[in-house]
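**Q** Let the sequences and hints guide you as you build the complete structure.
Those sequence lines, one after another, are chains U and A.
The first sequence begins at 1 in the working numbering and counts up one residue at a time.
The second sequence begins at 1001 in the working numbering and counts up one residue at a time.
Since the hints were made in silico from the structure, they are not lab data.
Errors might be hidden in some of the hints.
[As the list claims (entries may be wrong)] As a list, the in silico EDC-like pairs of lysine to aspartate or glutamate whose alpha-carbon atoms are at most 16 Å apart:
#, chain 1, residue 1, chain 2, residue 2
1, U, Lys11, A, Glu1113
2, U, Lys110, A, Glu1064
3, U, Lys110, A, Glu1084
4, U, Lys76, A, Asp1082
5, U, Lys10, A, Glu1113
6, U, Lys110, A, Asp1082
7, U, Lys61, U, Glu99
8, U, Lys69, U, Glu99
9, A, Lys1139, U, Glu25
10, A, Lys1139, U, Glu52
11, A, Lys1099, A, Glu1084
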Amino acid sequence: MTDTAKEMQKKEAATPEGVERTRPEKVYMPAVDIMEKKDEIVVTADMPGVDERSMDITLEKNILTIYGKVDTEVPKGHRLVYAEYGIGDYARTFTLSEEVDRDRIQATMKNGVLRLVLPKAAAARTRKIEVKAEA
Amino acid sequence: MDSKKLIPRGKEQETAAQEGVQVHPLIAMQREMNRVFEDFSRGFDAWPLSERFGTFNPSMNVAETDASVQVTIELPGLDEKDIEVSLTKDSLTIRGEKKEEKAENTKSYSHLERTYGSFSRTIPLPCEVNEDKVNASFKRGILTVTLPKSGQALQETKKIPVRPA
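**A** Here you go:
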């Protein structure tokens, strides 16, 4: 398998400049789908190894950060003989636009996939305007 | 002062001079097109099928102890029932399909990074395993298959002491 293909599968998250990590584990950037629906925006992220307890989501002003902690999976006494994926945490940040209703953001986690539902604020919703025939 | 030196050289003159060297733009374009097609068809056999179209291609890790082999594979978004694990005498095969969410009928993706589709991965086993005691569990999107080494395989491993000559 080529290196570029591997990179596409699991990218290491970029560190903000001038910031040093305090934990030895690597941090990866999860693959994300963003889907826009009529009343909401749905973000799904592949984060295998993360469950609802180890998932941390913070919203600061308009920056939404997701951080999933992965417990080291190689059990004690095992030695890794072949590795295709790196073990580490997941992190990614998103900038929310004004149209997202911050108070009603929902997050669910299932089988290592995070699903974030960002409802659109009432003002941003698409409205259908009925056209009436003039008498 | 020679006023002619201040006037920029005529455009027409310049292009006329260049045309003598350059190939006709249509021919240049055709060459370019041929090159693009050649690169494209060359790329076809250079890459394996799955990587080319960005279908789901999960990664696996293999860990080993003296007594067992442990295979882990990242399968985010799959259910236990989507995964099929089979074992032959000397290989382990994991098959499955990552389905795209179908519930939404009005979907418009503004960003698409995750991959979907079916996959099949086979790995050769490093030694004989105890088929009856193979255990597969799925948790948080990671499938773990533990294969205890068979008694025979354990016996076959022989430690050879190294002595100073």
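**Q** Hint by hint, note whether the structure agrees.
**A** Taking the hints in turn, this is what the structure says about them:
1. Lys11/U - Glu1113/A: holds, 11 Å
2. Lys110/U - Glu1064/A: violated, 29 Å
3. Lys110/U - Glu1084/A: violated, 19 Å
4. Lys76/U - Asp1082/A: violated, 29 Å
5. Lys10/U - Glu1113/A: holds, 11 Å
6. Lys110/U - Asp1082/A: holds, 14 Å
7. Lys61/U - Glu99/U: holds, 13 Å
8. Lys69/U - Glu99/U: This hinted pair is violated, its Cα atoms lying about 29 Å apart.
9. Lys1139/A - Glu25/U: Given pair lysine 1139/A, glutamate 25/U is violated - Cα atoms ~21 Å apart, limit 16 Å.
10. Lys1139/A - Glu52/U: holds, 12 Å
11. Lys1099/A - Glu1084/A: holds, 15 Å
When each numbered hint is compared with the structure, violations occur for hints 2, 3, 4, 8, 9.
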